[in-house]
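A.B. asks: Taken in order, these protein sequences are the chains called P and G.
Numbering-wise, the first sequence is residues 6 to 119 according to the numbering used here.
Numbering-wise, the second sequence is residues 11 to 121 according to the numbering used here.
Don't take every hint at face value.
Unchecked claim - Reference excerpt, derived from the structure (chain P facing chain G, CB under 8 Å, subset only):
1. Leu49
2. Leu51
3. Lys54
4. Leu56
5. Ser57
6. Phe95
7. Gly105
8. Lys106
9. Leu107
10. Phe109
11. Gly110
12. Gly112
13. Thr114
FYI, nobody ran anything at the bench for these hints, they're computed from the structure.
We put the CB at the ideal spot given by N, CA and C, even for glycine.
Chain by chain, the residues:
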Amino acid sequence: AQSVTQLDSQVPVFEEAPVELRCNYSSSVSVYLFWYVQYPNQGLQLLLKYLSGSTLVKGINGFEAEFNKSQTSFHLRKPSVHISDTAEYFCAVSRSSNTGKLIFGQGTTLQVKP
Amino acid sequence: DAGITQSPRHKVTETGTPVTLRCHQTENHRYMYWYRQDPGHGLRLIHYSYGVKDTDKGEVSDGYSVSRSKTEDFLLTLESATSSQTSVYFCAIAPQSYEQYFGPGTRLTVT
Chain P
6 AQSVTQLDSQ VPVFEEAPVE LRCNYSSSVS VYLFWYVQYP NQGLQLLLKY
56 LSGSTLVKGI NGFEAEFNKS QTSFHLRKPS VHISDTAEYF CAVSRSSNTG
106 KLIFGQGTTL QVKP
Chain G
11 DAGITQSPRH KVTETGTPVT LRCHQTENHR YMYWYRQDPG HGLRLIHYSY
61 GVKDTDKGEV SDGYSVSRSK TEDFLLTLES ATSSQTSVYF CAIAPQSYEQ
111 YFGPGTRLTV T
């Protein structure tokens, strides 16, 4: 079975500072990895995904993530955050061979301060 | 936004009553999913469908049933609602199994 751990429940950061949201997963089989963002009172929006190939994945809104197989991590980064990035971020994993069932982490609230 | 709607968007119901939530898509995607979101748990999969009349259980399926008689509609039913089913419910659709698009959610309160 797969599991996902987001290591920080809340991350406060000042505007224009860099940020990293940490995600570790466990799985005995190959996986797909995802980051989703949820703005208040909205559904989830896909930020980026890793399916195969290059371990550095670029997504929307200037976010990127790096897949590290040896450390079973998929950390999300942005070099300079904006107030509008304030949201909850979810890391998720699915087996690469199944029907797309996603296992989500508990979420990390990114709070960008002026 | 992907063409996905959920209805109702908000519902308050009493313990023991049946409740049906509807997910409707205009994308003709094969895969559809129901999740619930609770604080500290992220989202957890309730049921999913990989085609008309083809459904399967997720990790928190007890107390829930689903039906998919048409490609565009995926219904989630709580046969007898309990307070533990108070949650925000999200539907997702996917053209392939690995890229899901989420609806706006339904906030359900069971009193």
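A.B. asks: Now look at each hint and say whether the structure bears it out.
C.D. replies: We went through each hint and held it up to the structure:
| no. | hint | verdict |
| --- | --- | --- |
| 1 | Leu49 | 4 Å, holds |
| 2 | Leu51 | 7 Å, holds |
| 3 | Lys54 | 7 Å, holds |
| 4 | Leu56 | 6 Å, holds |
| 5 | Ser57 | 11 Å, violated |
| 6 | Phe95 | 6 Å, holds |
| 7 | Gly105 | 3 Å, holds |
| 8 | Lys106 | 6 Å, holds |
| 9 | Leu107 | 7 Å, holds |
| 10 | Phe109 | 4 Å, holds |
| 11 | Gly110 | 5 Å, holds |
| 12 | Gly112 | 5 Å, holds |
| 13 | Thr114 | 11 Å, violated |
Of the numbered hints given earlier, the model fails hints 5, 13; all others are met.
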